[in-house]
Amino acid sequence: MATTTTGRAGHGAGARTASGRRTLLRLATAGSVDDGKSTLVGRLLFDTDSVLADTLDHVELVSRRKGLDRADLALLTDGLRAEREQGITIDVAYRYFHTPARKFILADCPGHVQYTRNTVTGSSTADVIVLLVDARKGVVEQTRRHLAVASLLRVPHVVLVVNKIDLVDFAEDVFTAVATDFARLALSLGVADSHAIPVSATEGDNVVTRSTRTPWYDGPTVLSYLETVDDTPVAVGADLRFPVQYVIRPQSAALAPWASAAPAVDGDYRGYAGKVESGRVRVGAEVVVLPRGSHATVTAIDTPDGPLEVAVAGQSVTLRLDTDVDVSRGDVLAATDAPPAPVREITATVCWLAERELTVGARVLVQHGTSLTKAVVRSLDGSLDLTYGAGGTPTWQPAARLGLNDIGRLRLALANPLPVDSYREHRTTGAFILVDEADGWTLGAGMVGSSAIPSGPATPSGPATPAPATSAAPVDAPSAAGGAGTHSAERSPA
Amino acid sequence: MSAPTTTAVPATSEPATPGALAPPPLSELQALESESVHIFREVAATFRSPVMLFSGGKDSVVMLHLAAKAFWPAPVPFTLLHVDTGHNFPEVLEYRDWATGFYGARLEVASVQDYLDDGRLRERPDGQRNPLQTVPLLDAITEGRHDAVFGGGRRDEERARAKERVYSLRDEFGQWDPRNQRPELWSLYNGRHLPGEHVRVFPLSNWTELDVWDYIEAEGIALPTIYYAHQREVVLRDDMWVAVTPVTPVRDGEQVEQRSVRYRTVGDMSCTAAVLSSATTVAEVITEVGLSSLTERGATRADDRMSEAAMEDRKREGYF
Chain A
1 MATTTTGRAG HGAGARTASG RRTLLRLATA GSVDDGKSTL VGRLLFDTDS VLADTLDHVE
61 LVSRRKGLDR ADLALLTDGL RAEREQGITI DVAYRYFHTP ARKFILADCP GHVQYTRNTV
121 TGSSTADVIV LLVDARKGVV EQTRRHLAVA SLLRVPHVVL VVNKIDLVDF AEDVFTAVAT
181 DFARLALSLG VADSHAIPVS ATEGDNVVTR STRTPWYDGP TVLSYLETVD DTPVAVGADL
241 RFPVQYVIRP QSAALAPWAS AAPAVDGDYR GYAGKVESGR VRVGAEVVVL PRGSHATVTA
301 IDTPDGPLEV AVAGQSVTLR LDTDVDVSRG DVLAATDAPP APVREITATV CWLAERELTV
361 GARVLVQHGT SLTKAVVRSL DGSLDLTYGA GGTPTWQPAA RLGLNDIGRL RLALANPLPV
421 DSYREHRTTG AFILVDEADG WTLGAGMVGS SAIPSGPATP SGPATPAPAT SAAPVDAPSA
481 AGGAGTHSAE RSPA
Chain D
1001 MSAPTTTAVP ATSEPATPGA LAPPPLSELQ ALESESVHIF REVAATFRSP VMLFSGGKDS
1061 VVMLHLAAKA FWPAPVPFTL LHVDTGHNFP EVLEYRDWAT GFYGARLEVA SVQDYLDDGR
1121 LRERPDGQRN PLQTVPLLDA ITEGRHDAVF GGGRRDEERA RAKERVYSLR DEFGQWDPRN
1181 QRPELWSLYN GRHLPGEHVR VFPLSNWTEL DVWDYIEAEG IALPTIYYAH QREVVLRDDM
1241 WVAVTPVTPV RDGEQVEQRS VRYRTVGDMS CTAAVLSSAT TVAEVITEVG LSSLTERGAT
1301 RADDRMSEAA MEDRKREGYF
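Going down the list, the protein sequences come from chains A and D.
Per this note's numbering, residue 1 is the first one in the first sequence, and the count goes up by one each step.
Per this note's numbering, residue 1001 is the first one in the second sequence, and the count goes up by one each step.
Hints are computed from structural coordinates only; laboratory data are not their basis.
Keep in mind the model is a prediction, meaning the values are calculated, not measured.
Glycine residues also receive a C-beta, built at the ideal position from the N, C-alpha and C atoms.
Keep in mind that a hint or two might mislead.
[What the hints assert, rightly or not] If you want a taste of the chain D side facing chain A, the calculated C-beta under 7 Å gives, among others: (1) R1041; (2) A1044; (3) T1100; (4) F1102; (5) D1156; (6) L1188; (7) A1283.
If we strip away everything but chain A, and leave its shape as in the complex, we get (with noise of 0.2 Å):
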């Protein structure tokens, strides 16, 4: 528990200087329709002062219409016609807040069963899941379908909000039981960090503020969680990748005003446009351009702020290498030990996003950083049960089709060979999605490699394995075993 609350020295904890270094941290709330979802969105926004005047305003009157003695906060966070008018919430939400150490970006997901295709997509980018249950009803089908997403998309850090204590006396022992009971649940769903927390969003109880109610729980409040919870990327990789979205070529066209400060260029200035998606890269280093395999050195760094000599995960810069081969759109940069090897066929856990069924035989297009490729779904080798009970793990089952909200196990031939990581060690380039070719429609989302969620029955001590070692293995060598009919058996990586 201790690591979700150290402060680290350096940097995050610290207050925003002149030169900006707020960091920026993003999460994404879930939990069960009744569970107060809104109210403590709404709660956090509230109690960090951004809800503005005009804005309360609107809420109360609002509140006042509906016969409420008071402001309903959920209402700050409702946004669609359809949604008042349904007094739900159909789609992802983004809301802003900040405090002087960070800004946060919180992904508000839906809590229907039917949206969880809105709690992949919010979860696809958090750094953090909001997960609230209701301290009456304690751990419940949804929080564990929520929990399995969650480590699914390998979201670094899971905080559980067990709201509505105050409708528990602000009773220590139900807190306990049910911190207790998710604590074993993640820990089963291979999730690296979770912690608890007793709260009050309709009365603010332990949200912004540290409540006199709870004096047995000497944790951090929500928000002050979110300030010091450890943001160094962790589920970015160490080495580096690069996928090279654009290629700059001036071709000596004249500089605008504005550049009168920019490092003056070349007439056949050339530089490989694109965002440092993991570890980092350095002028003077070696590396290999993927998928054709060619090494290069990287010669300098540019930005119009002026030339670099390394950039970081998160940075977008242009590359100038030393070598005149066609490099392009398409291509990934990649350090040159354990570079990830370019596969034609990847096995992957796909959600669906679709209201259209995903069968074997499929054609759809694989978009993967910056490349997009044609693919036929070779095989489908089960599907998640997410109904499993308390106490148990989700199984993969056999199916012979993925539907809406549906996530299966599947195998991927592709038209052209992709660089693909394992999405247990990059979460930019082990991801993918998959998009329909005729109308464009987005699909699924897809995470290359073997699951975080095992398969086979679960072994009592085991389905944590936390990625036992797949390290720099070509995360999907083809194989010609475990082909279309074998079902539940995840294939493991090569």
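Please arrange chain D on chain A, whose structure you already have, making use of the hints.
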């Protein structure tokens, strides 16, 4: 001559911590800038004919600045489009033309006045022209065969926008269907669309008003002068300070006052009000914005006050 490589490493790089496996997180502004640059490059690489809406307003200026940085040292690889309502502040039009040159871009103007003059549009009884922008905008998109249109919308502006994707698919009529949005995962933006459809792209989706101001300060970005406090003749109308202009003349019973005001948004003169202010620098504006008790749109945009779902209605119709 190539770029020198010996310059001191700017603050963007991490301190040398030997042995540290993961780099420390970027600062908030670095992360936001980097995300926006990434979006610009994705669009430029995958769409045939993008265009950027440019009004001279602060969000569109920040967008243009980011676009210029994204493609440096090459020029911005798409044109700018301004839908001119004919009710713009002269200071903003002057700035628009200056900024286009400063950033080395090309500008096209679609004029609502032209549509009124030749009868394709009719003036509304309330005199507001913002609702009239939709037709010239969609015509310009169709005529230019633009398949991607950058807009400066931010999710923190308004409740309907909180649910909009970075890539927002529009049909032939420019309509947004909030019930039928594609999921947007990781930073994998899906821009595929059918003929006749186009994609609105919002590179500032995750920026707040305060972020925009912080960035303007950090980057030293010039803005139209009316963003800063200046003396102006105004009247108090519906609890908003409205400038006395040819399109917003004094009404009976109103008292003209000379006040120190600035604008928080610089849209159509007929529906944009000023706020009382003494802020003459970015830092002073930031102080005011941080302390202000009104949201940006609520304080000064009459058109959003029309109904609870005003923005959502106009977005469905193809407005940004």
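*May I ask you to test the interface hint for D:A1283 with respect to chain A, counting a Cβ-Cβ separation under 7 Å as satisfied?*
10 Å, violated
*Report holds or violated for the interface hint on D:A1044, using the least CB-CB distance to chain A and a cut-off of 7 Å.*
Holds, about 6 Å.
_Just to be careful: measuring from the Cβ of D:F1102 to every Cβ in chain A, is the smallest value less than 7 Å?_
Holds: closest Cβ of chain A sits about 5 Å from D:F1102, inside 7 Å.
_Cut-off 7 Å, beta-carbon criterion: hint that D:D1156 touches chain A_ = Hint on D:D1156: holds, closest Cβ of chain A at ~5 Å, below 7 Å.
*Regarding the hint that D:L1188 lies at the interface with chain A, is the smallest CB-CB distance below 7 Å?*
5 Å, holds
_Next item in the hint list is D:T1100. Is there a CB on chain A closer than 7 Å to its CB?_
10 Å, violated
*Given D:R1041 as an interface hint, is the shortest Cβ-Cβ distance to chain A below 7 Å?*
Nearest chain A Cβ about 4 Å off; hint holds.
Hints 3 and 7 from the list above are not met by this structure, while the remaining hints are.
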